[in-house]
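Q: If you want the building blocks of each chain, they are given just below.
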Amino acid sequence: AQSVAQPEDQVNVAEGNPLTVKCTYSVSGNPYLFWYVQYPNRGLQFLLKYITGDNLVKGSYGFEAEFNKSQTSFHLKKPSALVSDSALYFCAVRDEGGQGGSYIPTFGRGTSLIVHP
Amino acid sequence: DGGITQSPKYLFRKEGQNVTLSCEQNLNHDAMYWYRQDPGQGLRLIYYSQIVNDFQKGDIAEGYSVSREKKESFPLTVTSAQKNPTAFYLCASSTVLNQPQHFGDGTRLSIL
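Residue numbers (the numbering used here), protein chains in the order written: chain A, 168 to 284; chain B, 672 to 783.
Pulled out of the complex, with its shape left as it was, chain A reads as follows (with noise of 0.2 Å):
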C-alpha cells in the first residue's frame, strides 16, 4: 500500500526566512512524488515533481524539494519565505507501479503554511 504524512498540521515561519514544510512517503516500488498548494476557496495547484534524476526538483514560485530515498522523504523548501506563500500544502505519492493496476495518487492531510509580516 501507499502511504504519505504530512507530520505538521501547521507550520509558521517570519517573512524573508527559509521555509519547510515536511513530507514522508511509502511506496513498495519507486515513488512518484508531488508538491500542490491550495488557497482559500480554490482548487490544488502543481508545484512541483519528483520522478527521478536529480534528487534538488526546482518548482514554481521559488519552491524547491529535495527528495532522500533512505529517509523516504520529500521535503518542500524555499530560502526566503513570503506572506503571500501562506496557503496549505499538500504532498502526493504515487507508486512507479501502480497500486493495484492503478495509478492514482495518495495525499497527505495538509499543512497550513502561515508566513508572519
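Certain hints may be false.
[Stated by the list, open to error] Cut-off 30 Å, straight-line C-alpha distance, at most; resulting in silico cross-link-like pairs (DSSO-like, lysine-lysine): (1) Lys216/A x Lys680/B; (2) Lys189/A x Lys216/A; (3) Lys754/B x Lys685/B; (4) Lys728/B x Lys754/B; (5) Lys741/B x Lys680/B; (6) Lys728/B x Lys216/A; (7) Lys742/B x Lys216/A; (8) Lys685/B x Lys741/B; (9) Lys244/A x Lys216/A.
Since the hints were derived computationally from the structure, they do not count as laboratory data.
Treat the numbers as computed from the prediction; the structure is a model and nothing was measured.
Once you have looked at the hints, place chain B on chain A.
A: Using the frame of chain A, we list chain B on its own:
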C-alpha cells in the same frame, strides 16, 4: 486557456434531494477524478475514470454516483443516501502516466 471548470461554486441541498455537480475539462485528458475535502482530512477520492464510459469507486463512493459519457465531462451526483454531504468537492484531471493532476476551483455543498 485550457483548464477545468466546476459549477456551481456554491450549492445547497434540501433533505431527500439529489444534486449534481458539474465538471468540464478542455485539456484533452483521459483521466478524471472527484475528491471530497473536509477540514483537517485532506483529499478523499470518491470516484475516478480512466476512459469514457468507464469509472471506478474510490475510498468513499457510498452515496455518490458519476457518469462519463464524454471525455470532457465527469458530473458527480450527491444522492439522498449521502447523510453528511456538507464539504468542498474538487474535480481533477490528468494524463494517464506520471503527470500531475489539474484541479478545478471546487464546489462547496451545504445542507439547507
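Q: Determine for every hint whether it applies to the structure shown.
A: Against the structure, the hints come out as follows:
Between the alpha carbons of Lys216/A and Lys680/B the distance comes to roughly 29 Å, so the proposed pair stays at or under 30 Å and holds. Only pairs whose Cα atoms come within 30 Å are accepted, and Lys189/A paired with Lys216/A is accepted, the gap being roughly 15 Å. Of the supplied pair hints, the one linking Lys754/B and Lys685/B holds, its CA atoms being roughly 11 Å apart against a limit of 30 Å. This hinted pair checks out: Lys728/B and Lys754/B have alpha carbons roughly 18 Å apart, not beyond 30 Å.
Proximity of Lys741/B to Lys680/B is assessed by CA-CA distance (about 22 Å); at most 30 Å being required, the pair is judged to hold. Pair hint Lys728/B plus Lys216/A holds up; C-alpha atoms about 26 Å apart against a cutoff of 30 Å. Annotation: proposed proximity of Lys742/B to Lys216/A holds, straight-line Cα distance about 26 Å (limit 30 Å). A distance of roughly 29 Å separates the Cα atoms of Lys685/B and Lys741/B; the hinted pair therefore holds under the 30 Å criterion.
Taking the CA atoms of Lys244/A and Lys216/A, the gap is near 13 Å; set against the 30 Å cutoff, the hint holds.
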